[in-house]
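So you can see what is in the structure, the chains are spelled out below.
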Amino acid sequence: MSILAEAIVSALIIIGAVFLLVGSWGMIRMPELMTRLHAPTKATTLGVGGTLLASIAYFLAAEGVFSIHELLISMFLFLSAPITAHFLAKAYMHSRLKAGELPRPDGKGWSTYDKPAGVESGEAPPRDTL
Amino acid sequence: MMAHDAQTRQARSWLPHPLMTVLLILIWILLQNSFSLGNLLLGVVLGVLFPLMTASFWPDRPHIRNYGKAVVYFLVVIGDIVTANIQVARLILFARVSSLQPRWLCVPLALTRPEAITLLAGTVTMTPGTVSCDLSADGRHLLVHCLDEPDPEAAVRRIKMRYEARLMEIFE
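Quick note, the sequences are listed as chains A and B, same order. Numbered per my numbering, the first sequence spans residues 6 to 135. Numbered per my numbering, the second sequence spans residues 48 to 219.
Everything labelled a hint here was simulated from the structure, so no lab data went into it. Hints may contain errors.
To be verified - These stretches of chain A come out as covered by chain B in the derived footprint (C-beta under 8 Å, 3 or more residues):
1. 41-49
2. 84-96
Stated by the list, open to error - Derived lysine to aspartate or glutamate pairs resembling EDC-like cross-links, with alpha carbons at most 16 Å apart:
3. A:K113 to B:D185
4. B:K116 to B:E211
5. A:K120 to B:D185
6. B:K116 to B:E219
7. A:K95 to A:E106
8. B:K207 to B:D127
Even for Gly, the Cβ is constructed at its ideal location relative to N, Cα and C.
Whenever a hint applies, use it, and build me the whole structure from the sequences.
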């Protein structure tokens, strides 16, 4: 492996590690759950992304193969990070917040507190509408 | 005409999402990192089975009108994810916690298709300083939390102009 390739791989690993460290530090530093949620959803995607790019660069330079696994990992991460954040936020809304503390939309309220259109009682909607 | 309709209906009941089937087969082969007939067959079985199992959660097919714009949107979002990371990292390291202005935003939606709203919510979470938290019960508003936003109206405008307008052109 040439010295240039080694420098690129090391730089990518360090960039990734710095972002991961900052993301974790943000979890400690931020005052409450909602602001804390911003750190892992963003700062860590680039952290993991940098590490995966380093892995691609390493296998390309050292063994001459293009490894596609890393691209798949980052794709799965982009899909799962927003959904995890969404669930955490919803759980927080259920346990710690009341509808009155949030801006109120015109029409129906937020789905965490309000029932969907056309459902009056607390029962689940009929199966064929699902 | 009738026979053709019946045929497409039958195809729909077996392959509710043909694009998803193709994508699943492709991902399966990429995961194995090697191509063989056995892998392909197993990929086809999984690619048919998973869309069938999840079909009741996803009754309609997404209709993508403009693939070129979809690619542009993807690149814009990748770029924004990089800036989002740097911006949030800077806030975490250097901003004084007491001077942060976290806000809740209520973003009115012009999008109606569930796939488009899902993509918008995901994009909002991955891009600068915002996390999408909830959808209103009638699906017309998105609840967004901002890490540090002195000007809520400008943030709503930014989300609508930068992402929602592009998704409108792709999906609706």
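Status of the hints after comparison with the structure:
Figure legend: the segment 41-49 of chain A, annotated as covered by chain B; annotation consistent (6 residues with Cβ-Cβ distances under 8 Å, at least 3 required). A stretch counts as covered by a chain when three or more of its residues have a beta carbon under 8 Å from one of that chain; for the segment 84-96 of chain A and chain B the count is 8, and the coverage holds. Annotation: proposed proximity of K113 of chain A to D185 of chain B holds, straight-line Cα distance about 6 Å (limit 16 Å). Taking the CA atoms of K116 of chain B and E211 of chain B, the gap is near 13 Å; set against the 16 Å cutoff, the hint holds.
Of the supplied pair hints, the one linking K120 of chain A and D185 of chain B holds, its CA atoms being roughly 9 Å apart against a limit of 16 Å. With a C-alpha separation of about 13 Å, the suggested pair K116 of chain B and E219 of chain B falls inside the 16 Å cut-off, and the hint holds. Between K95 of chain A and E106 of chain A the alpha-carbon distance is near 14 Å, which keeps this suggested pair within the 16 Å criterion. Using a Cα cut-off of 16 Å, the hinted pair K207 of chain B and D127 of chain B holds, with the two alpha carbons roughly 15 Å apart.
Of the numbered hints stated above, none is contradicted by the structure.
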